[in-house]
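A.B. asks: Now for the letters of each chain:
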Amino acid sequence: MPYILNGDKDVKEMLKTVGVRTVDELYSHLPDAIKLREGVDLPKGLSELDTRRKVTALAEKNKTLGRYNSFLGAGYYDHYVPSAVNFLISHSNFLTAYTPYQPECSQGILQAIYEYQSYICLLTGMDVSNASMFDGASSAAEAVLMALRISRKQKIVVAGLLHPEYAQVLNTYLSGLNLKVVEVPAAANGAIDLKALQGALDSDTGVCLFQSPNFFGLIEDIEKISALAKANNTLTVMATNPMSLGLLKAPGTLGVDIVCGEGQPLGGSLNLGGPGFGFLAAKNDCLRQMPGRIVGKTKDRDGRTAYCLTLAAREQHIRREKATSNICSNQSLNAITAAVYLSVLGKEGFKSAAANSCANAQYLYKRLKEMRGVSLPYSNLFFNEFVWTTENAINILNRLKEKGIVGGYYLGKDFVNHKNAVLSCCTEKKSKEEIDTFINTLALILHG
Amino acid sequence: MAELKFSKTHEWVRVEGNAAVIGITDHAQKELGDIVFVELPRVGEKVKKDGRFGTVESTKAASELYSPLSGETIGANSDLAKAPQLVNESPLDKGWMIKIKIADLGDLKDLMDEAAYNSFIASEKH
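Residue numbers (the numbering used here), protein chains in the order written: chain A, 1 to 448; chain B, 1 to 126.
There's no promise every hint is true.
[Claimed, not checked] From chain B, some residues computed to sit far from chain A (all C-beta separations above 10 Å):
| no. | residue |
| --- | --- |
| 1 | His27 |
| 2 | Val36 |
| 3 | Glu39 |
| 4 | Leu40 |
| 5 | Arg42 |
| 6 | Thr55 |
| 7 | Thr59 |
| 8 | Ala62 |
| 9 | Lys82 |
| 10 | Ala83 |
| 11 | Glu114 |
| 12 | Ile121 |
| 13 | Lys125 |
[Stated by the list, open to error] Once the Cα atoms are required to be at most 20 Å apart in a straight line, the calculated EDC-like pairs of lysine to aspartate or glutamate come out as:
| no. | chain 1 | residue 1 | chain 2 | residue 2 |
| --- | --- | --- | --- | --- |
| 14 | B | Lys82 | A | Asp127 |
| 15 | A | Lys153 | B | Asp26 |
| 16 | A | Lys9 | A | Glu25 |
I should point out that these hints are in silico values taken from the structure, not numbers from a laboratory. Glycine is no exception: its CB is placed at the ideal position from the N, C-alpha and C atoms.
Sequences are here, hints too, so could you generate the full structure?
C.D. replies: Set out below in structure tokens:
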């Protein structure tokens, strides 16, 4: 629907219908002190050509990722999005709809969201998924609260290398609540210390939150972690990169109770870091405590298949402060984008994108292993990113950037004991040439 | 059937020795409409007189369940998980919700008998 200003004729007609003479009369109830006296101080309007010039000059101040050979990951990943995806989601019915939940006029979108939910269940090996949440970090926090409601216990164990921003957001969600958080650090090999985890689990532990692949890119022993938790009557929440599920076993088949994470890798561009979406999926018996919108499939009164929001009695407009969450919306467009992306790639295409991401990362790892002056501190399996260290890492990263290469995420930012560590990522977009260029440039910088 | 006692929040109590079986009344289930889910306490959980012991969800609302007596939960109707409609079909019998060990039998005097409850709901209508 286009937005067109009211013309003078339209304004006159509306004023007459309402029964006032001027628009100012509509504000007569407001105190004079807050009313605008003079006009707004704006510069003279520019022509379309001049506007275009000015805005382009401003935009040029940004360095877009496309201009760099980037190995940046750490939660947001640069995968290839086929043109068909953006074409399909640009349909105004998808693009401009706002909270499109009314079944009488939103069957198309509700069906699309239902299919998104179905895809998430397929990928995660879970029974139910919600219609999406705002981002990975908040989906993890909500998953933890969900698990606590189900277990009716007060203690949370956070195990291993969780994305630092997820930890911060979880902290925000927990502030003011009388809940105990126990951190189980990673072992020297970067994976969760299973002995320490077992020691931390007690009769009061309602949930264990962990991430796999973890923040350092390493794949955790999900089966063992789930088993330890189950033996202790503790629920597991696993945060994951959904792209990794194109290659790795579905967490639902490994004993995990709730899966969550950032959905951006599924067809989302990097876009200055957002918007993305959070996904949340669980086993059937957790359904009643799930936050967020859920679309269900049913029949209308004529017996035809229809879609609508369901299990609304979990939500705040019915339960108020006893609701599972105060979220009353979803990231429809981003979630539908994920569904479109998966359907365009298909099962084999998705597996292929994941496998190639991993293969490229393996190649980078192999080449860095041969590099004098670079160490690879962890040897466990990784999916698409891993840690390497070098003396004066910040300086090296800056010099790489001067040569048009974003070497990776500097871990010293978040981890005091990793002042010389970098997290580097490869997606299926990386070519062998780009990786070789990185290696050769790094070699020149290190060895002159 | 032993005589039932009623609370102002539309729960009924059937005393069995020093235990009480609790559910919601026919009036309550009618007001709620089709019941789709009942959330009940676990065995061992304590309940307080006039305190919330669970929730009953219909398609249009979620209502709190209040215990007419204080005590400890010794049973919860597991049939309601698969068949919540039992509360609509048989609110005083098959749709029972919890059984508690009564903490203070004296609390029973604060409850209404059937006649008083029927007058109460008649006066509630406007």
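A.B. asks: Identify every previously stated hint that the structure contradicts and give their numbers, smallest first.
C.D. replies: Violated: hints 2, 3, 5, 6, 7, 8, 15.
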